[in-house]
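Participant: Start from chain Z and add chain W according to the hints.
Order-wise, the sequence lines are chains Z and W. Following my numbering, the numbering of the first sequence begins with 276 at its first residue and continues without gaps. Following my numbering, the numbering of the second sequence begins with 276 at its first residue and continues without gaps.
Misleading hints may appear alongside valid ones.
Same chains, same names: a pair is fine if it fits in one copy or spans any two.
Unchecked claim - PhoX-like mimics (lysine-lysine), calculated; alpha carbons at most 25 Å apart, straight line:
| no. | residue 1 | residue 2 |
| --- | --- | --- |
| 1 | K748 | K373 |
| 2 | K422 | K517 |
| 3 | K690 | K422 |
| 4 | K677 | K647 |
| 5 | K385 | K373 |
| 6 | K517 | K385 |
| 7 | K336 | K373 |
| 8 | K610 | K679 |
Calculated from the structure, these hints are not laboratory results.
There are 2 protein chains.
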Amino acid sequence: MDLSPLQKARYEYQPKLPSMLRHEIGEIEAVEGKTTESVSDQEEIKKLFPNTYGMKEVEFKKGKSHAKKRKEVVGVILSGGQAPGGHNVITGLYDALKKASKENVLLGFKQGPSGLLDDDYIELTDDYINMFRNTGGFDIIGSGRTKLETEEQFAVAAEVCKKHGITAIVIIGGDDSNTNAAVLAEYFAKTNSGVQVIGCPKTIDGDLKNDVIEVSFGFDTATKTYSELIGNIERDANSAKKYWHFIKVMGRSASHIALECALETQPNICLISEEVEKKQMSLSDIADVVVSSVVKRAEKGLNYGVVIVPEGLIEFVPEVKKLIGELNDIVALKKDEFNAISEWDEKYAFMKKNLTAESFGVFASLPLEIEKQLLMDRDPHGNVQVSRIETEKLLIALCEVKLKELKKEGKYNGKFSTLSHFFGYEGRCAFPSNFDADYCYSLGYNAFMLISNGYTGYLSTISNLSKSADEWKAGGIPITKMMNLEQRSGVKKPVIKKALVELDGKPFAYFASHRDKWAVETCFTFPGAIQYYGPSSVCDIPTRTLSLEHQE
Amino acid sequence: MDLSPLQKARYEYQPKLPSMLRHEIGEIEAVEGKTTESVSDQEEIKKLFPNTYGMKEVEFKKGKSHAKKRKEVVGVILSGGQAPGGHNVITGLYDALKKASKENVLLGFKQGPSGLLDDDYIELTDDYINMFRNTGGFDIIGSGRTKLETEEQFAVAAEVCKKHGITAIVIIGGDDSNTNAAVLAEYFAKTNSGVQVIGCPKTIDGDLKNDVIEVSFGFDTATKTYSELIGNIERDANSAKKYWHFIKVMGRSASHIALECALETQPNICLISEEVEKKQMSLSDIADVVVSSVVKRAEKGLNYGVVIVPEGLIEFVPEVKKLIGELNDIVALKKDEFNAISEWDEKYAFMKKNLTAESFGVFASLPLEIEKQLLMDRDPHGNVQVSRIETEKLLIALCEVKLKELKKEGKYNGKFSTLSHFFGYEGRCAFPSNFDADYCYSLGYNAFMLISNGYTGYLSTISNLSKSADEWKAGGIPITKMMNLEQRSGVKKPVIKKALVELDGKPFAYFASHRDKWAVETCFTFPGAIQYYGPSSVCDIPTRTLSLEHQE
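Isolated chain Z (complex conformation) (with noise of 0.2 Å):
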């Protein structure tokens, strides 16, 4: 293996943990909280999770440690998609593990939680795990997103538990495998199979949050990598000064990353899903706010600037959410009949025919692109694939009709001339910033604390974390607490809930009292690479989210 300098030093870094986890393993005594309910639907998730509900929070502190004498075998699975520190969780978990007992031993389920229906894994050792120390990516083991939430899964789960020994599974994943993380500790509790289950919070989203849970791991370093790249295109804007950069950036659900690398880069414009899905913005209400910038821009002669918008965007655009709801159900209802039309001016005549008139006058309004993207690219189960979806080329075409009407009318006289640029994959995979890299592996140790003190269906959890990390306070919740029942695929079902940007949250707050400035003016922030290393201020900062959340 060929390594890169960058590389070589970061195997040499010591991520931080919180003083309270520095003491030796027999000197920390798990302390429990209160007894816990879940967020809403409290009888219906207590029938259904009867010996994991109401469990009490933990902290550890200083004291006598109560763990249990007994060999551990912990399997660990990464689930989903990429996030950076995800190696150091693992590392965090291992270090642990080996330092309450050599004989310990740590298996790693390979490409996600298929890898433990299959019984496919590796031993993991000293040399091994050594190259993966503060690394980004998931190839130590590597992920999946096949779902643990069957009878028969768990079944198949629970034999090869038992053919291994093992004592734990350590779960990395978001919300939904976390949600399937207290179903199986709950299936193992139920049949006695005496095998613990520990969630850890990944999401480079940011979704998966509550009053426990500050920040889902990944969070940080890939908004910081977005960031990185907006701010040097602003810079770029601000120099040649002849482009309107539309960007867009990760994030399906929840609007945080945007709002983050908003709050970093201070770029005209930042779109907040939340917010259009809460006044019910049209497409032409959205656009509307990206011109109003563009046109009293040009008057003051700047003609350029940045628009940062969020993946999922248009699904919270209620008239795009049903259109795209009646796509999907068309297609599912004459799957075969659509199928058979290979022609796109049939494809379009099909659709005039079985939408409604509304939802087929909002298909009609779009450029044509942006229609054959939402016919054409299907996931397998035959849905609009909405992350495909060139939401930011969608933007720039209708901001162009409009603002050539509003030349016509003399109401506007710039140029607009346009780039677009979405960033994802760039930053799930980069190396984890020393917040992503501390917090990660306190998470892992911290993983087998509650391990080892007997705990199952609970979520590791460090918190303080606006705080450096010697305040750091480390501890368990159980994850039925952030649990509620929401529909899906037409049952209700027991998920935790999804953290979405809170439009009277401190940080939405902040941005929305700059917006208007930044709209007109030119105050774009330049943050820079990530820095490893260099002054606290530079390469331990947290992102503005949780400093602005955690304000005092």
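Facilitator: Below, chain W without anything else, positioned relative to chain Z:
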């Protein structure tokens, strides 16, 4: 102005000068070397530059300065596309000029060469210049693409210089801008205006290079930024194991950027335009190179990978070059007729009628979107905008057709899911790496040394760059030394010879000797983000290209 933590920290960075420039200005002597000749067409170029041809190379050494004792009023101009480090050229120039005498003045002409013609400038002061130290972008005075090339323009420039008592102009630009700098220097010499002209070698493309100019500035930072992103994507590909990523990188004429990124990241495939031209490869040949890797990796169960594509690639494909030439001619000759057509089908028919059968065959073989890009997106002169053509998507489409065929024949049984990216604007305005910060500061500082020693028509040179900064050499070469005659719009013109990737050079040789392995195995390397702090092995490394070229 709101500043990021990194920007504040970078203000404190003191760029490193070559040791010979660290002496007091009165202790630096200009030592003249050999008389120079242009690289070819010596007689013709000598005739065109009677006053500035055949001057001697200069190197600065410790000794007794013979610099002129006069008040210097220097005008500085940024020309062409942004490149990281431009601000440092200006701060280096400013610091040397003020060190020589507080009376000296630096004027910055705004938005490129047009600022000189419009007499649009600002006088640079400590407070203003300090806001731009070690930052990216050209926003200190802006840049532009106006060309200084006519006698009328020169006369206006002379007037403006006279008005301000300007003693020298420093032009920071690429090969074209420095060609114009030489012509301007000749004009000023011929007319005895007393104004000197000094150029500085800028361009991220890396194609302004010869035995004295080891690299143009900005190449280091831009390629490191692209390599960061490519490495992150490689790690993502290697973790998810489901996508082939096609990544286009800037570099219109030369493939230095693509090659450097390949050396840094070891992708499965990197295409090199110069090789495509040399081997007279067709689009189909190029697709075969990629397909071969896709098929071989699929046999090993590796249905993912990374392909780097240089921006200018298709112009180097003989059949496409011919097609583009014909398209440009047809649209120029039959402009009104062509512009009157609005429907796509008619445009297509028009092309069928007017293109040669061979070129129409190539045109018709392209995906619809690319056909449209060829006909629709045209620059102000009516030419095809090659940079807007989505070569990366074209390549994907070509590979899909071939793989489908191979699947039918039972010769391929993999999956080919693709994603495409284009990196260009992301790297042009990054904070300059320590290398570019030091190099640019030295170039600017050294430009003042050339001015005060009375030189004109010279390019500021800092060489021995693969060594540490204190071993760097400072001097100047006559721009005419780098010139040859080339056909431009039907006329033979003296221009600086563009440095393309040498297929017998060491960087390409290294790549060529490893690429067969990279194509089949997974040899990705992950450079990570540019580091400005930390171990020198991490934050002071030159490009692989420079290291290989100057390997001893």
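Participant: Each hint should be assessed against the structure and marked as holding or not.
Facilitator: Hints, verified against the model:
1. K748 <-> K373: Intra 22 Å, inter 54 Å, cutoff 25 Å: intra-copy only.
2. K422 <-> K517: between (47 Å within a copy, 18 Å between copies)
3. K690 <-> K422: between (50 Å within a copy, 22 Å between copies)
4. K677 <-> K647: Classified as both: same-chain Cα gap 22 Å, cross-chain 23 Å, threshold 25 Å.
5. K385 <-> K373: within (21 Å within a copy, 63 Å between copies)
6. K517 <-> K385: Cα proximity of K517 and K385: across copies only (15 Å, versus 49 Å in one copy).
7. K336 <-> K373: Within one copy, since 21 Å is at most 25 Å while 60 Å is not.
8. K610 <-> K679: For K610 and K679, the Cα distance is within 25 Å only across copies (24 Å; inside one copy 39 Å).
Checked against the numbered hints above, the structure breaks none of them.
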